[in-house]
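Asker: Taken in order, these protein sequences are the chains called X and G.
Just so we're aligned: 97 in the working numbering is position 85 of the first sequence, and the numbers increase by one with no gaps anywhere.
Just so we're aligned: 510 in the working numbering is position 42 of the second sequence, and the numbers increase by one with no gaps anywhere.
Everything labelled a hint here was simulated from the structure, so no lab data went into it.
No residue lacks a Cβ here, since even glycine has one placed at the ideal position from N, Cα and C.
Treat the hints with caution; some may be incorrect.
As the list claims (entries may be wrong) - Okay, the calculated beta carbon distance ranges per label pair:
id : chain 1 : residue 1 : chain 2 : residue 2 : range
1  : X       : Ala-151   : G       : Leu-573   : 25 to 33 Å
2  : G       : Asp-619   : X       : Phe-119   : 44 to 52 Å
3  : G       : Thr-667   : X       : Leu-135   : 55 to 63 Å
4  : G       : Arg-600   : X       : Val-141   : 39 to 47 Å
5  : G       : Asp-476   : X       : Leu-135   : 45 to 53 Å
6  : X       : Ala-96    : G       : Leu-573   : 42 to 50 Å
7  : X       : Val-149   : G       : Asp-619   : 37 to 45 Å
Unchecked claim - When the alpha-carbon atoms are kept at most 25 Å apart in a straight line, the in silico SDA-like pairs for lysine to any residue are as follows:
id : chain 1 : residue 1 : chain 2 : residue 2
8  : G       : Lys-572   : X       : Leu-187
9  : G       : Lys-575   : G       : Gly-532
10 : X       : Lys-120   : X       : Asp-204
11 : G       : Lys-572   : X       : Phe-201
12 : G       : Lys-598   : X       : Phe-201
13 : G       : Lys-598   : X       : Thr-291
14 : X       : Lys-284   : G       : Pro-556
15 : G       : Lys-598   : X       : Trp-129
As a plain string of letters, each chain reads:
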Amino acid sequence: MVENRPLTTFVTHLVLILGVLAIAFPVWITFVASTHNELRMNQSPLPLWPGEYFLTNMQQTLFGSGLSGTEQAPVWLMLLNSLAMALLISSGKIVISLLSAFAIVYFKFPFRMGFFWMIFITLMLPVEVRILPTFEVVANLGMLNSYWGLSIPLIASATATFMFRQVFLTVPDELLESARIDGAGPLRFFFDILLPLSRTNIAALFVILFIFGWNQYLWPLLITTDTSMTTIVMSIKQMLEAAEQSPQWNIIMTTALLAMIPPVFVVIAMQKLFVQGLTETDK
Amino acid sequence: MADIQLKDLVKSYGPTEVLHHIEGDIQDGEFIVIVGPSGCGKSTLLRMVAGLESVTSGEIAIGGTRVNELEPSQRDIAMVFQNYALYPHMTVRQNMAYGLKIRKLPKADIDRRVEEAAEILEIKQYLDRKPRQLSGGQRQRVAMGRAIVRDPQVFLFDEPLSNLDAKLRVQMRLEIRKLQQRLGVTSIYVTHDQVEAMTLGDRLMVLNGGYVEQFGTPIELYDRPASMFVAGFIGSPAMNFLPVTLDAGTASLPSGHQVSVASGHSGTATLGMRPEHLTADPDGPIAINVDMLEQLGANTLIHGRLDGTEHAITASVPGHAHDGIGNTRRFSIAPDLTHLFDTDTGKRLDS
Numbered sequence: 013m014v015e016n017r018p019l020t021t022f023v024t025h026l027v028l029i030l031g032v033l034a035i036a037f038p039v040w041i042t043f044v045a046s047t048h049n050e051l052r053m054n055q056s057p058l059p060l061w062p063g064e065y066f067l068t069n070m071q072q073t074l075f076g077s078g079l080s081g082t083e084q085a086p087v088w089l090m091l092l093n094s095l096a097m098a099l100l101i102s103s104g105k106i107v108i109s110l111l112s113a114f115a116i117v118y119f120k121f122p123f124r125m126g127f128f129w130m131i132f133i134t135l136m137l138p139v140e141v142r143i144l145p146t147f148e149v150v151a152n153l154g155m156l157n158s159y160w161g162l163s164i165p166l167i168a169s170a171t172a173t174f175m176f177r178q179v180f181l182t183v184p185d186e187l188l189e190s191a192r193i194d195g196a197g198p199l200r201f202f203f204d205i206l207l208p209l210s211r212t213n214i215a216a217l218f219v220i221l222f223i224f225g226w227n228q229y230l231w232p233l234l235i236t237t238d239t240s241m242t243t244i245v246m247s248i249k250q251m252l253e254a255a256e257q258s259p260q261w262n263i264i265m266t267t268a269l270l271a272m273i274p275p276v277f278v279v280i281a282m283q284k285l286f287v288q289g290l291t292e293t294d295k
Numbered sequence: 469m470a471d472i473q474l475k476d477l478v479k480s481y482g483p484t485e486v487l488h489h490i491e492g493d494i495q496d497g498e499f500i501v502i503v504g505p506s507g508c509g510k511s512t513l514l515r516m517v518a519g520l521e522s523v524t525s526g527e528i529a530i531g532g533t534r535v536n537e538l539e540p541s542q543r544d545i546a547m548v549f550q551n552y553a554l555y556p557h558m559t560v561r562q563n564m565a566y567g568l569k570i571r572k573l574p575k576a577d578i579d580r581r582v583e584e585a586a587e588i589l590e591i592k593q594y595l596d597r598k599p600r601q602l603s604g605g606q607r608q609r610v611a612m613g614r615a616i617v618r619d620p621q622v623f624l625f626d627e628p629l630s631n632l633d634a635k636l637r638v639q640m641r642l643e644i645r646k647l648q649q650r651l652g653v654t655s656i657y658v659t660h661d662q663v664e665a666m667t668l669g670d671r672l673m674v675l676n677g678g679y680v681e682q683f684g685t686p687i688e689l690y691d692r693p694a695s696m697f698v699a700g701f702i703g704s705p706a707m708n709f710l711p712v713t714l715d716a717g718t719a720s721l722p723s724g725h726q727v728s729v730a731s732g733h734s735g736t737a738t739l740g741m742r743p744e745h746l747t748a749d750p751d752g753p754i755a756i757n758v759d760m761l762e763q764l765g766a767n768t769l770i771h772g773r774l775d776g777t778e779h780a781i782t783a784s785v786p787g788h789a790h791d792g793i794g795n796t797r798r799f800s801i802a803p804d805l806t807h808l809f810d811t812d813t814g815k816r817l818d819s
């Protein structure tokens, strides 16, 4: 039951507004910092209202050399690298987990449950734990400083496999039987029935995985030495320490602002499917 | 269209045998109802014919061809599921066309068949809707439409009406029967509802615990049940059973009274009498202490115990009865309406 009293309405709104402020304030500061010049950003107190250098900063960050006095790649290239990595990771994870979940749920083969548990146990081994052997493998395969090196080691995914397994288990057996009577083979069933039915779950997972991929920090830091392969998230941190000069906050914050845009865009674009995918249980 | 033969059919799950040596010949165009309590193996039998369950031993032949090893799609059958199993993301039209599309029929041909089936089932106005936008009865029609467009040799129905409300169930029952007669397709229909079974089937196969108790026309099953199980399962309210001692055409009831029966057997047996065959008779041998009355309007059910014993007995009398509870009423029964069963095996004792 929802009560409707002026006082409770006031209190709930107050709490919510405080929450929004707490989250929005750093974002606002980031935005404000991206609109001032370098000099102003190193003076105290920090500005709270936008200045007039937004377009200049944006231009220098995106297409110029970024930080003055360094030799890093332009930020548009980093954005592109990040985008490629995030898309490769999320689509790769989705394809692999869809296929492995399909195999585990719908096919009888020896050691089926053994394979399931093997996949499941890898949940306990995130990249950080297996980072040295993984680096060794990637280096030996000559995949350092490449999109493949950035994405492939992160693709195998127990979480997504597990999730699709649960999704497939909710699909009634009669649909499979009906498809068999209709003459659909396993692959037809997969593409014609299972995929459309998992559409919202795929979308939800894509959002989560895209952000996961986009936010990767440690792994790209390790395997990219070539500046043309750096991703935006790792470069923000590097900018802070660049060239032993005082940090150029205006440029760093503009980069941070740019780094936030693609995930926000993905979430907004897929919001409806995302919510459906996480809440819908009925097939 | 085709006939179906079940020869010595056995189904086991591991060491557990669930269907025991099923035999049955189904004629071309016949409507067969497999009926039995839940867990008797009736759905398993149907699914074996469909090819969704493997055959442990024995043979299924459709139209004279052994189909044991064939995939469901190669058996030329269509199946209607209890929960309809419509593809939720496809429109009604796509649902009906899916099987034909896989069989790579020409587009024009598919369209024509779907339109025809939709016409027959009166679902033309729903063709472009999704299943979730339809009511239970409409989904049921779509599921049948999907079966019809395939133009199969055999229709298989797995309790297709049990998700519908009572009124719709009666209506759809008639429609399925009419449709089957019109198309003349051999059909097997599984249900646990004996009224559905009696009204739909040309012949009924009564299954109990994986055994065929009896395979015959509804009237045969009603008039000459082969076992106590069939006798108790077919007919509503259920048949009364009393332990009796037989001697030269008379049966002595536990109450000590004598009932004439059409049988020359002697010794102990079980006497079966349908409630609707007991006729009120002030001098009748069957005395019932009335416990409860159920007024059904057209007739009244009298529930009670055989006088002087604890044997429950039910009689159905026409019209309204207002006899007080606790009174004793007397009934008689015509000898040829009595049934006698072997108490140990439950099998019918023939005269």
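Asker: Does the structure break any of the earlier hints, and which numbers would those be?
Answerer: 1, 2, 7, 9 and 15
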